[in-house]
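With the first letter of the sequence shown counted as 1, position 126 gets the number 116 in the working numbering; the numbers rise by one all the way through.
No wet-lab data here; the hints were simulated from the structure.
Note that the Cβ used here is the ideal one computed from N, Cα and C, for glycine as well.
Don't take every hint at face value.
Quick list of simulated restraints, FRET-style, between CB atoms [claimed, not checked]: (1) K162 / R78: 42 to 52 angstroms; (2) H30 / S219: 37 to 47 angstroms; (3) E29 / S152: 45 to 55 angstroms; (4) D0 / R77: 43 to 53 angstroms; (5) V183 / Q26: 34 to 44 angstroms; (6) R44 / D97: 13 to 23 angstroms; (7) N214 / D97: 24 to 34 angstroms.
Quick list of in silico lysine-lysine cross-link-like pairs, DSBU-like style, CA-CA up to 35 angstroms [to be verified]: (8) K94 / K162; (9) K156 / K199; (10) K58 / K111; (11) K156 / K140; (12) K156 / K115; (13) K(-7) / K94.
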Amino acid sequence: MAKILLVDDDHDILRIGDKLLSMAGHEVLVASDAIQAMEHLNTSHFDAIISDARMPRFSGFQLIQTLKNDDRYDHMAVAMLTSLRERRDIEKAIRSGVDDYIVKPIDPALFLKKVEELFKKKPPKEIMEWQLPASNRFVRANAVVDVDLKVISELGVVALISSPLKPGTLFKINSEVFGKIGIEPPFLRVLSVSEVEDGLWEIKTGYFKLHFSDRQKIKSWLFNQPGMSLTNVS
């Protein structure tokens, strides 16, 4: 479905929102303030952000203004969580350019309907990725341990590994595929780890501080690969 960042300093809101969105098939990350939200945004791709309006230190309005001033987030749908009694927050959210607002306390049916309408306005972005055939010589790569590359995309790689790495871990994969693309092996940050069978884990990674020109080279290379497909980021 879609990858959503939920931001609120109320842990009950995060728990309820996370559960509802996950049950609807979305991938959800949560943040308790704007600083933590920006840390997530700087290391991963999101299709949408749903942010509380009033938070300590930096408000949701300041967070949204930061995103609106950065064209990296133009594709991302933005919704503001507001309290019904705070009509000024709703008006301020609309003026700030959000795509929609959601009134608290959360009503499950209305919340999910609002999220659905949000993606009608700004559908999840499709990116290029190439599912590597098992016979392809680029599948095999060396890191600290051996890994098998499964997917290369504009945003990162998916690999199988015999020893799990913790989310947030930075590492490089020394594969010939990056030489073919014409770039140095980039740093990768582990985004998620899941066990696919006994003694084998799938890791999803994102490029870490990848230069724009290198990202463009990856996109150009992917475009020319047989079997390249477009998929929703989720």
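Okay, the hints, checked on the actual structure:
1. K162 / R78: 42 to 52 angstroms: Holds - the Cβ-Cβ distance for K162 and R78, about 49 angstroms, lies within 42 to 52 angstroms.
2. H30 / S219: 37 to 47 angstroms: Since H30 and S219 have Cβ atoms about 26 angstroms apart, the given range 37 to 47 angstroms is violated.
3. E29 / S152: 45 to 55 angstroms: 29 angstroms, violated
4. D0 / R77: 43 to 53 angstroms: 20 angstroms, violated
5. V183 / Q26: 34 to 44 angstroms: Given about 20 angstroms between the Cβ atoms, the range is violated.
6. R44 / D97: 13 to 23 angstroms: 20 angstroms, holds
7. N214 / D97: 24 to 34 angstroms: Hint violated: Cβ distance 48 angstroms, outside 24 to 34 angstroms.
8. K94 / K162: 43 angstroms, violated
9. K156 / K199: Roughly 19 angstroms between the alpha carbons, so the hint for K156 and K199 holds.
10. K58 / K111: 16 angstroms, holds
11. K156 / K140: 19 angstroms, holds
12. K156 / K115: 27 angstroms, holds
13. K(-7) / K94: 22 angstroms, holds
Of the hints listed earlier, those the structure fails to meet are numbers 2, 3, 4, 5, 7 and 8, in rising order.
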